[in-house]
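Colleague: Each chain, written out:
2 protein chains.
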Amino acid sequence: MATLQDIGVSAAINIVGAVSFLLAFAFLRIQPVNDRVYFPKWYITGSRTSPSRNRNFVSRFLNLNPLIYLTFLNWMPQALKMSEHDIVSHAGMDSAIFLRIYLLGLKIFVPVTLVALLILIPVNVSDGTLSFLKRDLVVSDIDKLSISNVRPQSSRFFIHIGLEYLFTFWICYLLYKEYSIVASMRMRFLASQRRRVEQFTVVVRNVPHSSGKSVSGSVDHFFQANHPEHYLSHQAVYNANRYAKYVIRRERLQNWLDYYQLKYERHPDKRPTTKRGLCGLWGDHIDAIEYYQAQIKYLDKRMAVERENVIKDSRSILPVAFVSFNSRWGAAVCAQTQQSKNPTLWLTDWAPEPRDVYWSNLAIPFFSLTVRKLVISLSVFALVFFYMIPIAFVQSLANLEGLERVAPFLRPVIEMSFIKSFLQGFLPGLALKIFLYILPAVLMVMSKIEGYIALSMLERRTASKYYYFMLVNVFLGSIITGTAFQQLHSFLHQSATQIPKTIGVSIPTKATFFITYIMVDGWAGIAAEILRLKALVIYHLKNMFLVKTERDREKAMDPGSVDFPETLPTLQLYFLLGIVYAVVTPILLPFILVFFAFAFLVYRHQIINVYNQQYESVGAFWPHVHSRIIASMLISQLLLLGLLSTKEAANSTPLLVVLPVLTLAFHKYCKNRFEPAFRKYPLEEAMKKDVAERAEEPNLNLKAYLADAYLHPIFRSFEAEEEETIIVQEKADKQEQSHEASPSESELSSPSPEHHAEEPELQAQAHAHAYQYEFESSQHYYAYHYGYDQ
Amino acid sequence: MATLQDIGVSAAINIVGAVSFLLAFAFLRIQPVNDRVYFPKWYITGSRTSPSRNRNFVSRFLNLNPLIYLTFLNWMPQALKMSEHDIVSHAGMDSAIFLRIYLLGLKIFVPVTLVALLILIPVNVSDGTLSFLKRDLVVSDIDKLSISNVRPQSSRFFIHIGLEYLFTFWICYLLYKEYSIVASMRMRFLASQRRRVEQFTVVVRNVPHSSGKSVSGSVDHFFQANHPEHYLSHQAVYNANRYAKYVIRRERLQNWLDYYQLKYERHPDKRPTTKRGLCGLWGDHIDAIEYYQAQIKYLDKRMAVERENVIKDSRSILPVAFVSFNSRWGAAVCAQTQQSKNPTLWLTDWAPEPRDVYWSNLAIPFFSLTVRKLVISLSVFALVFFYMIPIAFVQSLANLEGLERVAPFLRPVIEMSFIKSFLQGFLPGLALKIFLYILPAVLMVMSKIEGYIALSMLERRTASKYYYFMLVNVFLGSIITGTAFQQLHSFLHQSATQIPKTIGVSIPTKATFFITYIMVDGWAGIAAEILRLKALVIYHLKNMFLVKTERDREKAMDPGSVDFPETLPTLQLYFLLGIVYAVVTPILLPFILVFFAFAFLVYRHQIINVYNQQYESVGAFWPHVHSRIIASMLISQLLLLGLLSTKEAANSTPLLVVLPVLTLAFHKYCKNRFEPAFRKYPLEEAMKKDVAERAEEPNLNLKAYLADAYLHPIFRSFEAEEEETIIVQEKADKQEQSHEASPSESELSSPSPEHHAEEPELQAQAHAHAYQYEFESSQHYYAYHYGYDQ
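Quick mapping for you: the protein sequence lines, in order, are chains G and S. Numbering-wise, the first sequence is residues 1070 to 1859 according to this note's numbering. Numbering-wise, the second sequence is residues 1070 to 1859 according to this note's numbering.
Extracted from the complex, chain G is given alone in its bound form:
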């Protein structure tokens, strides 16, 4: 068992780690050369450009203003400055709602921590059973502060039960309030949105094959017949996976060409050479620039042929279409009703935003979807339950007695008290973290196989798989296998009433493990997030080898985005830990509080300055967050029930049975009351926007507006791309001139709010820029949307 001293060592290590990350960040962010790593968002919104050329050479790379170094932590207050309203227009609704989760965590846990510490710690300490039993049990100091310290059959358990009720009601109250705020934010956002193509468009899958008619023909015929007053046009979807591969290969060649051209420019005396063989590793030396130019030319020809093929060959038209309507009302009706007698044909759903579409999955037929879902749910089950074994193995190593038995030669090292504390405090959390590192990628691939057609949906599904994984492996796995791996088998053969008991009893003893976990994963992890080490290194490498023009520098910039599939489940795990331990071992709560506060600051900073969201789902993840916090409450209630029943608190325990029922009823009510706001689009809203628009722009040519909105991205030819980029670039330049108040690079503060006063305009611009960015980083785009590795 870890003692308070172990925790102290671990805390020290993690705090030192976190602080050094922060110092490094504070130093690196104010160097102009790193500006595009730490403030890419401002480049994308167009309020910042590269350091002007009129400065001296050094100051373009290093910040020489000594005053700046004195205020190196000022990013924290700056992160708090921007109002929520501005964040919505600056970074989108998803980011704003994401931040609200951390705020919710603070709102929940600040009062809970105060109450729990002030009431429970005195109650637990004063009943001191554990000091009497000390000879038999090895208990840590922390256990003396926990519920384990209360005598069996004590009537003090009424206090714990009372607090569990109190906390449940408090959390439910906050959840209800938050859900209603988020739902109305979503509604308001949707209502205030300008005209967007996805409001008028429905994706139709499983278009049936009818002989003698093309897919386009039957789509036209079907919707003209069944939505005569609303159908406008449709966009067929081509199976261009092979063409997309060519695009990616061409991008790669272009990168190499750029690299060699740059090399040649810098050393004009020596033409760069390469080798003909695999990856330029062997073969004859040849002129690199000529070689890559020839390769690209050849590829361009093949691409032209392939493109002709795709467009002309009717077999490459998939039985999928994006159908557009002449009103939001018509689209809302079509998306939310069943079209055909056969419910597996003409499946309609809201079209995702064009940048949110995952094109490869559009062609999966209905039957295949059913099979895929079955296969993937079985695999997720297997993954969740058999991943446990290696983790348990590593953790049993981190159990020092076990380690000494396995490797007796290590004993002298392990017995050194500092190293012992280090191992016990640091290793178990770290082992887990490494295992978890590769997991999201695996889960994302699984979700892609399941066949969802929107990236946002894919991310949500991945997040939900990841949550199950964390729940079983991090939470339950650590509690059960941590004490004894052998318990696992017996656990599977226990009765339904026995399981909460087994877990409930181990819960207090695991508090120290979770405290370390919070510090390693939470504190240090968040500090690493703000440093962006990986992005920093990659940017500088690209800058060194590839960047020739301003546009290349834009391209080398990788703003990233909130990593929902990973951060949401992690967050939910912290909620679970906080809620479960609130009554059992309240000393864990301050650690969670620090995590929520710190993470809130860091993510606020990152969202304002760094991240650029790939899509806008308008908080579609909120119902999941909500229902998982409720699940956490249920788990905590069941475990407390199990724990108390082993404490022979027969007179107080039955009081707890009502609580899960009430919690479930609350969940059901919230689901009915608020979830439709996230899943459906009310006709009243659609009609209101239609009417307003018709009054405003009676002569709008909607058909022209919608044409090509859902064109497969690879058919936007490179020429068109170039053109568009230039146009957007011009606009951006103009805008920059108009925004003379834009913060200078040396100031390095986040821009003042007045930039966001003309909201719709700015939003539209941001949108245009997002597209521009997308075109420019098309290589990333294809890789992301097609799941190919580059």
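Rather than coming from a laboratory, the hints here were simulated on the basis of the structure. Some hints here could point you the wrong way.
A pair counts as met if it fits within one copy or between any two copies, since identical chains are not told apart.
Below, a list of computed lysine-lysine pairs in the DSSO-like style, where the Cα atoms sit at most 30 Å apart [claimed, not checked]: (1) 1716 to 1442; (2) 1282 to 1749; (3) 1442 to 1246; (4) 1282 to 1381; (5) 1246 to 1410; (6) 1758 to 1282; (7) 1332 to 1370; (8) 1737 to 1442; (9) 1381 to 1366; (10) 1282 to 1757; (11) 1570 to 1603; (12) 1410 to 1176.
Keep in mind that this is a model prediction, so the values were computed, not measured.
Once you have looked at the hints, place chain S on chain G.
Modeller: Relative to the frame of chain G, chain S by itself:
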């Protein structure tokens, strides 16, 4: 343990019982005086009228044709004569689909029985462990034919597992076929239906209160704004519960008046008297006819006042409306989308048929619905799990050893071998049956409290509650408490892997109990169904005391209907028994087969000749039937898994684990593929019917057609009723003249199929008649629709 001899006795009793019921039925049904009890459906469709007056007195009551008595079982072939297509038009889709369930039972169990008997019985018998163990265990002869007789670790279990796979695949195949047939029958029926008010109508609940506007006003405003091209009109709903009570009281007074008037007519010399006090039991003697006439007059006045009140008082308008559209497409859109931003307001759903509306529940607000559902689901849980205790008590009495201990003075009687067999064979089933008798009424009240607004929905919900009850109490309860009531407690504390073992082991030993149950509940119960003893007695009582005119006689006739809340769960229980025992104790299967065959015949006869459905849900119950048969398969697989794991069949058991997964996947696929046909209305269909209708009747005044369709039934005044009745009566007479081929009463055969040649016409007439019948028996109607006792 019951032996084969016990079963023989029980079978004999039940067969004698069933045969005597059948004989009584055969005798009673050919008496003209009972004609309206056994052939009411033909009176309702209008192809039969009362025995003509030109016969002699005796032959109006007794059938004197001796030839008829020789062919007294000829109802059986007659019941099979009518084709399914004719049944649909004669008795409705629900009845036709209901019969298909029995047919499905036969299709499933005929091959399963053959295969199981031919393969498993030899396999089980020849392994004879039980004969060796006879001294230790008291085993019945039936156990020797069951899986209990196979040696532990025997490789013969591969045969059982193989057959479980085979049966599962066979059942899945049939279920798939059946689901697709039923779905397409439903689709075809809906497509071929003539214009009906519910196709154009949507029920809107939770209309929000807006100040300064009436409910009607805001409904008009909302739908004109949001469905401008489709909204036609709406019908407000009045809270007329008190008025409905008056209507019922008036009916009761009218009955007494009729009774006394009849009495006076028969004995004109003596005016009947009654007493003024409660129920005419005490008080002064007064002239009965005058008294009731005065009472009715007084009530009529009060009713007129109340009616004015309801119509004028704006508070009696409920926040509910029936909204009509000018096309099926418009109604389908409105019913299947969310209207308002707030998902608890403007809740739209398909309007039930006018005769299917349960008016009292229309006014329940959203929040109250959530609470009601919670409360009722808790009560159902309590009912299902604590009803077990009295049943277990009675069954432990029926366990003879227990009975002798409780009442030792009974020993001499019990020890008589015939009585012993009788008690063991008959009592347990009977005890259960009596308990189950009052249950459906209780469950129906619960469903009404839950707040469903259609009678068909109420019946389906009741059926589902009843199914859970049967599953836990009849199936599990009999298996566990039957052997030892004490097991119940230990059962709650067993692990998830232990529970199937415990039940699985008891399963073979309970085969005899279920065989008796099938005979008592199934065979004798069905025979009692055809006899209609209760309806017979009540009809003759009414005939004696109340009937004056032809119309009164119509009114006294109670055709009843298929009692879905009770028959569906019962049926599903038989499927469960058959599927569970198919591999374990195949000797049970022939009993199930007999049940399905016999019940099929009886219900076919009843549906053709007796029942008159209250509503038409077009087979909306099928998804439940389907999913419960699938649940039965899952239960059987789990129990077999448990049973085999106690038989130490370690090499064969793991093979079974795949089966539940496959079954679940099949269920999921079927649900996605077919269930939308029962829950949604595709726009394609709606549009097709709209277009066809517009082409056919371009000048249709839909508004007039829909006006008053959803008028609260009590506002159809009595005068209007009388008028309508006369009109319909005239029509019926005309129709009768045109159908000269109608079967004469002495023939007593079901009418020849040509009556159903002109289908739509006949259907429309049947519909009209159904309404006529409804008006006439308005007392029944109100009681049914308001849940009041008469």
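Colleague: Could you run down the list of hints and mark each one as holding or not?
Modeller: Hint check:
1. 1716 to 1442: neither (43 Å within a copy, 35 Å between copies)
2. 1282 to 1749: between (33 Å within a copy, 28 Å between copies)
3. 1442 to 1246: between (35 Å within a copy, 23 Å between copies)
4. 1282 to 1381: Within. Shortest intra-copy distance 15 Å satisfies the 30 Å Cα cut-off; inter-copy 60 Å does not.
5. 1246 to 1410: Answer is between; shortest inter-copy Cα gap is 17 Å, intra-copy 41 Å.
6. 1758 to 1282: Between copies only: 24 Å across, 36 Å inside.
7. 1332 to 1370: So residue 1332 and residue 1370 pass the 30 Å test inside one copy only (27 Å; across, 106 Å).
8. 1737 to 1442: Answer is both: 26 Å inside a copy and 10 Å across each meet the 30 Å cutoff.
9. 1381 to 1366: The answer is within: 23 Å in one copy meets 30 Å, while 85 Å across copies does not.
10. 1282 to 1757: Classified as between: cross-chain Cα gap 20 Å, same-chain 38 Å, threshold 30 Å.
11. 1570 to 1603: Answer is neither: 44 Å inside a copy and 55 Å across each miss the 30 Å cutoff.
12. 1410 to 1176: Between copies only: 28 Å across chains, 50 Å inside a chain, cut-off 30 Å.
Of the hints listed earlier, those the structure fails to meet are numbers 1 and 11, in rising order.
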